[in-house]
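Going line by line, the protein sequences match chains S and R. Everything in the first sequence is counted per my numbering, starting at 1 for the first residue and increasing by one. Everything in the second sequence is counted per my numbering, starting at 1 for the first residue and increasing by one.
These aren't lab readings, by the way, just hints derived from the structure by calculation. It is possible that part of the hints are untrue.
All copies of an identical chain are treated as equivalent in the list; a pair is satisfied when it fits inside any one copy or across any two copies.
[Stated by the list, open to error] 16 Å max Cα-Cα, derived EDC-like pairs, lysine to aspartate or glutamate:
#: 1; residue 1: K203; residue 2: D162
#: 2; residue 1: K168; residue 2: E207
#: 3; residue 1: K85; residue 2: E201
#: 4; residue 1: K132; residue 2: E342
#: 5; residue 1: K164; residue 2: E207
#: 6; residue 1: K203; residue 2: E83
#: 7; residue 1: K262; residue 2: D238
Here are the chains, one letter per residue:
Protein chains: 2
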Amino acid sequence: MVDGLQLPRTSDGTPIVISVDAMGGDLGPAAVVAGLALSAAALPDVRFVLHGDEAQLKPLMARHPELAAHVALRHAARVVSMEDKPSQIMRHGQGTSMWGAIDSLRDGEAGAAVSCGNTGALMAVSMLRLRKLPGVNRPAIACLWPSRSPSGFNVMLDVGADVKADPKDLLQYAVMGASYARNGMATKRPRVGLLNVGTEEHKGRAELKEASDLLAAQAAAGDYDYLGFVEGSDIPSDRVDVIVTDGFTGNVALKTGEGTAKLISGIMREELGRGLLSRIGALFSMRSLNRLKLRMDPRRVNGGVFLGLNGVVVKSHGSADATGISAAISLAAQLATARFHERLAARVASAGSTTQNDTAIISGDQTGAQTGQGSDPTQ
Amino acid sequence: MVDGLQLPRTSDGTPIVISVDAMGGDLGPAAVVAGLALSAAALPDVRFVLHGDEAQLKPLMARHPELAAHVALRHAARVVSMEDKPSQIMRHGQGTSMWGAIDSLRDGEAGAAVSCGNTGALMAVSMLRLRKLPGVNRPAIACLWPSRSPSGFNVMLDVGADVKADPKDLLQYAVMGASYARNGMATKRPRVGLLNVGTEEHKGRAELKEASDLLAAQAAAGDYDYLGFVEGSDIPSDRVDVIVTDGFTGNVALKTGEGTAKLISGIMREELGRGLLSRIGALFSMRSLNRLKLRMDPRRVNGGVFLGLNGVVVKSHGSADATGISAAISLAAQLATARFHERLAARVASAGSTTQNDTAIISGDQTGAQTGQGSDPTQ
Numbered sequence: 001m002v003d004g005l006q007l008p009r010t011s012d013g014t015p016i017v018i019s020v021d022a023m024g025g026d027l028g029p030a031a032v033v034a035g036l037a038l039s040a041a042a043l044p045d046v047r048f049v050l051h052g053d054e055a056q057l058k059p060l061m062a063r064h065p066e067l068a069a070h071v072a073l074r075h076a077a078r079v080v081s082m083e084d085k086p087s088q089i090m091r092h093g094q095g096t097s098m099w100g101a102i103d104s105l106r107d108g109e110a111g112a113a114v115s116c117g118n119t120g121a122l123m124a125v126s127m128l129r130l131r132k133l134p135g136v137n138r139p140a141i142a143c144l145w146p147s148r149s150p151s152g153f154n155v156m157l158d159v160g161a162d163v164k165a166d167p168k169d170l171l172q173y174a175v176m177g178a179s180y181a182r183n184g185m186a187t188k189r190p191r192v193g194l195l196n197v198g199t200e201e202h203k204g205r206a207e208l209k210e211a212s213d214l215l216a217a218q219a220a221a222g223d224y225d226y227l228g229f230v231e232g233s234d235i236p237s238d239r240v241d242v243i244v245t246d247g248f249t250g251n252v253a254l255k256t257g258e259g260t261a262k263l264i265s266g267i268m269r270e271e272l273g274r275g276l277l278s279r280i281g282a283l284f285s286m287r288s289l290n291r292l293k294l295r296m297d298p299r300r301v302n303g304g305v306f307l308g309l310n311g312v313v314v315k316s317h318g319s320a321d322a323t324g325i326s327a328a329i330s331l332a333a334q335l336a337t338a339r340f341h342e343r344l345a346a347r348v349a350s351a352g353s354t355t356q357n358d359t360a361i362i363s364g365d366q367t368g369a370q371t372g373q374g375s376d377p378t379q
Numbered sequence: 001m002v003d004g005l006q007l008p009r010t011s012d013g014t015p016i017v018i019s020v021d022a023m024g025g026d027l028g029p030a031a032v033v034a035g036l037a038l039s040a041a042a043l044p045d046v047r048f049v050l051h052g053d054e055a056q057l058k059p060l061m062a063r064h065p066e067l068a069a070h071v072a073l074r075h076a077a078r079v080v081s082m083e084d085k086p087s088q089i090m091r092h093g094q095g096t097s098m099w100g101a102i103d104s105l106r107d108g109e110a111g112a113a114v115s116c117g118n119t120g121a122l123m124a125v126s127m128l129r130l131r132k133l134p135g136v137n138r139p140a141i142a143c144l145w146p147s148r149s150p151s152g153f154n155v156m157l158d159v160g161a162d163v164k165a166d167p168k169d170l171l172q173y174a175v176m177g178a179s180y181a182r183n184g185m186a187t188k189r190p191r192v193g194l195l196n197v198g199t200e201e202h203k204g205r206a207e208l209k210e211a212s213d214l215l216a217a218q219a220a221a222g223d224y225d226y227l228g229f230v231e232g233s234d235i236p237s238d239r240v241d242v243i244v245t246d247g248f249t250g251n252v253a254l255k256t257g258e259g260t261a262k263l264i265s266g267i268m269r270e271e272l273g274r275g276l277l278s279r280i281g282a283l284f285s286m287r288s289l290n291r292l293k294l295r296m297d298p299r300r301v302n303g304g305v306f307l308g309l310n311g312v313v314v315k316s317h318g319s320a321d322a323t324g325i326s327a328a329i330s331l332a333a334q335l336a337t338a339r340f341h342e343r344l345a346a347r348v349a350s351a352g353s354t355t356q357n358d359t360a361i362i363s364g365d366q367t368g369a370q371t372g373q374g375s376d377p378t379q
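Input sequences plus hints: build the corresponding full structure.
Given below as structure tokens:
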């Protein structure tokens, strides 16, 4: 659960239901059930549909008897492994727990889905079963990045749904990322920046200049402030709330940030463990160091959100433990409660119809565009 | 100066001469002269040619009278500013201190050049005055990255010379980066990885698969071990010594790493300053925290090296202070002493001739290829 977000509550009495894929994570279904127990305790009004192998899940559920009233078990005999290729799962994935978790969303049984399985396969199954949101060409994965911004986090997308993005895709990422920042981070008017190798206008690839012009032109329709180009050093800063980039660059940046944080914490551990004085000092500083650890803990921000599909899918890190999985589940519940999906769809449709009317720059399925109202300031 | 490197010494009696651009850094010529004084004290056999405005430099030099025997002043009335466009400097840059510093190298007066000025302009002037090394299509900028590798640093290139790189360019980066790791870091047989969004063969852009095949085929000629794809999280790891990528991705990764390190150190400072116990603890841990700071200090690894030109140019960070500038000057002296430029040229020619004979994959000027011996294991 991201700090500062309201705990999800049913608004009109309709229960919030989250569909959870119990299988496919590095730590197995035990970690998922333990994470589910944490979320269920924190979110007593939310209900869950848990997909996976009953023979494994029943004994795990029995350890948490309080879950029985909150969780419906849905048997799935097969599991998507980390080695499975997305194309194979698209053809032969029916009957897996991942497929089942997405179908709960497709069938309207759940308001959001969570999985810590194979990212490529999850995106493939989500695309196949949920289909793309009308007006969206390439869906994206958005991550939260610890930052100096008031909310404590910045949004970056795409971090790996697709290795390519043309200027129109980058515009859609800006619109979707801004909507996510409003609904997931309560950032009223997100500041959007386009990732480049310098902030000057002439820097970078030609297509980024074109994208920058589009993002600037659509800032009003997308209800964001456009900052122009930002650099890698700005990603964790308080200059920006939403960083837009293609999935190749975003994925490299995300993993580089993770690797750098891991290097520093490893060296810090080594140095603080060296010598008696340092170890005494570390004892005195324990609370500070724990607060530092907490502020930088990647488990707190666990959950890449798939944007641009007909439904909200949260991808938990494959190696997530109970704390991390609970964070992903709580994020899904938060987004379901905020009716994020409908808001996002309306925003994309509204931005699509504006751009279509103005400059006809959005390609693809525009059937949803007519229905866009675009008047809800929290979209 | 990077730890573990030998201090430069004249080998056959020929003095090592380094050409230094005194102007154009954020802190002005005072920082450059102060850095020069540090390097001159550490490297008594090295001589320097200092380019810049005499009226400003003479009083600064007077503060370090010991420099008189080591430094020749070369007046340049004009300065390249951070705002100047590379294209303008290429046409009208003659008479600037940057141009003069590069011409010292071109004319054989110096063995390496250092500048902390405008990167784009420095690359443009270097390309124009030094010309590309025969066989090289795109020059690259290589940086050193604090890492878990035995040398304490990994090499990454390109970090911003060019936003594009095709598979043949990436192969040349691998050959040049491996040569730099051998000569700059004393890594006997560098492990080379190609940056991608996953380590599996099918991941990433199609051109990266092609580049990966080239890098694998040329590992023997380039005298490196090819690891295949690596991810952002591997950049600071001990899995790899040389990370190959295009200048767009490399620049974003470099700045993301810097931004992440800055965020963590800022939060650490805040947390350790909060509360009496923490402040007492920080006192006890002072030596450890200072060692941590030293190990992560970006000034220790200050100096992006331009590879693929007829001469060694070291780009110091624009905001470098005396310590940072001294590190860049000492790196230049180390590379000049190691005759890095000749070794690199021979290696590129040798790899070029191999690939040309085998598969004719290297395009561009091949006039240097015939002279390549490729038998020197330290190239």
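Structure-based check of each hint:
In this assembly of identical chains, the alpha carbons of K203 and D162 lie at most 16 Å apart only when taken from different copies (10 Å versus 23 Å within one copy). Taking the closest pair of Cα atoms, K168 and E207 come within 16 Å of each other only inside a single copy of the chain (10 Å); across copies the shortest separation is 23 Å, beyond that limit. For a Cα distance limit of 16 Å, the shortest separation of K85 from E201 across copies, 12 Å, qualifies, whereas the shortest one inside one copy, 40 Å, does not. Taking the shortest Cα distances, K132 and E342 sit within 16 Å of each other inside one copy (14 Å), while across copies they are farther apart (56 Å).
In this assembly of identical chains, K164 and E207 lie within 16 Å of each other by CA distance both inside one copy and across copies; the values are 12 Å within and 12 Å between. Only between protomers do K203 and E83 lie at most 16 Å apart by alpha-carbon distance; the minimum there is 12 Å, versus 39 Å within a single protomer. Proximity of K262 and D238 under a CA criterion of 16 Å is satisfied inter-copy only: 13 Å between copies versus 22 Å inside one chain copy.
Of the numbered hints stated above, none is contradicted by the structure.
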